[in-house]
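**Q** Spelled out from the first residue to the last, the chains are:
2 protein chains.
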Amino acid sequence: MQWPRYMAPTMALLPQRLLLTLVLLPHLLILLSLGVGGSAYGTKPPCFWPSSAAEDGRCLSWRVMVEANNARGWRTVPAPCVGYVTGYMTRGQYGRDLDGVMDQVSAYVDQITPPADDGLDAWVLDIDDTCLSNLFYYEAKRFGAYDPLAFKTWASQGACPGIPAVLRLFATLRDKGFKVFLLSGRDEETLGSCTTENLESQGFSGYERLMMRTPEYRGQPSSVFKSAMRKQLAEEEGYRIRGNVGDQWSDLQGENVGDRVFKIPNPMYFVP
Amino acid sequence: MQWPRYMAPTMALLPQRLLLTLVLLPHLLILLSLGVGGSAYGTKPPCFWPSSAAEDGRCLSWRVMVEANNARGWRTVPAPCVGYVTGYMTRGQYGRDLDGVMDQVSAYVDQITPPADDGLDAWVLDIDDTCLSNLFYYEAKRFGAYDPLAFKTWASQGACPGIPAVLRLFATLRDKGFKVFLLSGRDEETLGSCTTENLESQGFSGYERLMMRTPEYRGQPSSVFKSAMRKQLAEEEGYRIRGNVGDQWSDLQGENVGDRVFKIPNPMYFVP
Chain A
1 MQWPRYMAPT MALLPQRLLL TLVLLPHLLI LLSLGVGGSA YGTKPPCFWP SSAAEDGRCL
61 SWRVMVEANN ARGWRTVPAP CVGYVTGYMT RGQYGRDLDG VMDQVSAYVD QITPPADDGL
121 DAWVLDIDDT CLSNLFYYEA KRFGAYDPLA FKTWASQGAC PGIPAVLRLF ATLRDKGFKV
181 FLLSGRDEET LGSCTTENLE SQGFSGYERL MMRTPEYRGQ PSSVFKSAMR KQLAEEEGYR
241 IRGNVGDQWS DLQGENVGDR VFKIPNPMYF VP
Chain B
1 MQWPRYMAPT MALLPQRLLL TLVLLPHLLI LLSLGVGGSA YGTKPPCFWP SSAAEDGRCL
61 SWRVMVEANN ARGWRTVPAP CVGYVTGYMT RGQYGRDLDG VMDQVSAYVD QITPPADDGL
121 DAWVLDIDDT CLSNLFYYEA KRFGAYDPLA FKTWASQGAC PGIPAVLRLF ATLRDKGFKV
181 FLLSGRDEET LGSCTTENLE SQGFSGYERL MMRTPEYRGQ PSSVFKSAMR KQLAEEEGYR
241 IRGNVGDQWS DLQGENVGDR VFKIPNPMYF VP
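If you read the protein sequences in the order shown, they are chains A and B. Just so you know, UniProt numbering puts the end of the first sequence at 272, numbered straight through with nothing missing. Just so you know, UniProt numbering puts the end of the second sequence at 272, numbered straight through with nothing missing.
Heads up, a few of these hints could be off.
Each pair may be met inside one copy or between any two copies, as identical chains are not told apart.
Derived DMTMM-like pairs: lysine to aspartate or glutamate, alpha-carbon spacing no greater than 25 Å straight-line [to be verified]:
| # | residue 1 | residue 2 |
| --- | --- | --- |
| 1 | K141 | E55 |
| 2 | K141 | E236 |
| 3 | K141 | E216 |
| 4 | K231 | E255 |
| 5 | K231 | D259 |
| 6 | K231 | D103 |
| 7 | K141 | E237 |
| 8 | K231 | D147 |
| 9 | K152 | D103 |
| 10 | K176 | D187 |
| 11 | K231 | D117 |
| 12 | K176 | E235 |
| 13 | K231 | D187 |
| 14 | K152 | D99 |
| 15 | K231 | D118 |
| 16 | K231 | E139 |
| 17 | K141 | D259 |
| 18 | K152 | D117 |
If you are wondering where the hints come from, they were derived from the structure by calculation, not from laboratory data.
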């Protein structure tokens with residue numbers, strides 16, 4: 001058997017078994033991605049590994065429901081969607097979504113009136129999975145139920161990576177003269193100093209105030225604590241909250257939410 | 001050159017050019033689906049046709065931003081996403097998303113206290129792309145900018161298909177004894193009778209009241225008109241709005257939105 005002349009130099013060098021693999025493997029991959037295989041999206045590149053397209057579709061539905069605040073009060077990622085969420089967070093789409101939201105924030109920042117001279121134009125930013133990422137922690141726990149002690153151990157290390165797109169927004173707001181308030185449900189007494197250091201090490205410096213959960217709000221829903229803090233800023237201290245950015249709807253609803261709110265994606269956990 | 005014995009009967013029969021195609025085509029398909037090719041998602045089956053995966057990813061980001069109310073005030077679907085939105089609406093994922101939201105509504109309905117004997121427990125449902133679908137109209141217009149005259153012509157025909165999942169919810173609410181108010185920004189004077197007939201023909205019967213835009217609200221944002229109507233229901237007529245379902249955030253924000261709101265997916269158009 002002869003190879004066509006223009007293929008000969010390459011193909012003739014290939015051992016037969018490798019050649020056979022080259023012929024068969026792509027066909028197999030295509031069959032598998034047509035849904036012939038089982039579900040293993042924990043490790044597949046998008047569309048090219050055994051998976052159930054319908055299950056991916058349901059997990060996408062669930063994720064969109066979370067972002068639209070239709071799904072509330074969930075304690076863990078649905079079991080069939082753990083692989084999907086891992087893929088979403090680590091293989092590009094989360095970053096793409098984050099960039100999209102940051103583009104919306106930037107367009108809004110460019111369009112609103114700049115801060116007045118009285119120094120009372122404020123933005124409120126959440127910390128966990130807004131400024132600092134807990135992806136490593138939650139991925140290691142396979143997005144299991146909230147575990148306060150384990151989370152405290154993780155946060156105490158002060159090793160949460162900053163989220164670059166949010167850091168850029170933070171710097172823009174600060175440099176434009178907005179007062180940036182970082183508002184976090186983390187416990188002030190036990191996590192105050194490590195959080196301050198973590199923020200500093202990741203480049204979040206020059207904010208107006210870090211507001212963390214004081215003992216009187218322990219055990220209260222995040223929405224209650226955060227509403228109270230924003231109310232204090234707006235009604236007692238006279239700040240105008242021009243924008244508010246968080247990964248949880250509990251950051252963005254309630255009292256004095258601000259002129260406009262931006263929801264950063266987070267399919268990893270739900271905070272009431 | 002010899003084929004391995006176990007391949008010989010099949011492979012030896014193949015003409016060389018066909019064999020070459022068999023070797024190369026799958027590799028080419030894989031390269032194309034990895035984003036090397038152009039974008040043609042208007043007609044591709046998911047993941048299996050030349051397309052730009054990155055562009056699909058950006059359109060997905062945009063759609064999620066719409067659902068999360070991060071993208072506001074847009075006049076048309078972004079041009080590179082027209083094919084993506086068509087595919088989303090017509091090839092299964094929209095239906096899957098809708099079913100997901102309806103499951104959330106059902107779980108909520110099952111969990112809340114049933115209507116009291118005073119007949120004042122109400123639900124508010126939007127009409128366009130909540131109860132009745134305008135997909136045929138918007139798809140034919142390739143999701144172009146809002147065209148009031150053309151839309152009026154379409155709506156006048158009274159031919160909008162009912163959305164089955166929402167019809168089931170409607171029937172459940174009505175049969176449980178909730179008063180269902182259908183609240184629509186459609187103009188009452190010109191579209192009142194065709195809307196009533198369209199609803200009836202699609203099975204939406206037994207609602208408490210159809211509330212459409214009266215002349216005094218012409219030209220006002222939907223959010224203003226709908227807030228005023230809900231305020232009237234809640235504060236003047238004493239209804240308790242237990243739930244509120246719409247495809248636009250302007251259905252679900254403002255005054256007296258109800259105990260809980262549900263956002264039905266709609267990446268086709270934005271109503272302020």
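**Q** Against each hint, give a clear statement of whether it holds in the structure.
**A** Here is how each hint holds up against the structure:
1. K141 x E55: Cα proximity of K141 and E55: one copy only (22 Å, versus 32 Å across).
2. K141 x E236: neither (41 Å within a copy, 51 Å between copies)
3. K141 x E216: For K141 and E216, the Cα distance exceeds 25 Å both inside one copy (30 Å) and across copies (57 Å).
4. K231 x E255: Close inside one copy (6 Å) and across copies (19 Å); limit 25 Å.
5. K231 x D259: Intra 13 Å, inter 22 Å, cutoff 25 Å: intra and inter.
6. K231 x D103: neither (28 Å within a copy, 35 Å between copies)
7. K141 x E237: neither (41 Å within a copy, 51 Å between copies)
8. K231 x D147: Cα proximity of K231 and D147: none, with 29 Å in one copy and 42 Å across.
9. K152 x D103: Neither, since 32 Å and 35 Å both go past 25 Å.
10. K176 x D187: neither (30 Å within a copy, 45 Å between copies)
11. K231 x D117: within (22 Å within a copy, 38 Å between copies)
12. K176 x E235: The answer is within: 23 Å in one copy meets 25 Å, while 43 Å across copies does not.
13. K231 x D187: within (19 Å within a copy, 39 Å between copies)
14. K152 x D99: Neither: 29 Å inside a chain and 38 Å across chains, both beyond 25 Å.
15. K231 x D118: within (19 Å within a copy, 37 Å between copies)
16. K231 x E139: Classified as neither; 35 Å inside a copy, 45 Å across copies.
17. K141 x D259: neither (36 Å within a copy, 34 Å between copies)
18. K152 x D117: neither (40 Å within a copy, 49 Å between copies)
Going down the numbered hints, you'll see the structure goes against 2, 3, 6, 7, 8, 9, 10, 14, 16, 17, 18, while the others check out.
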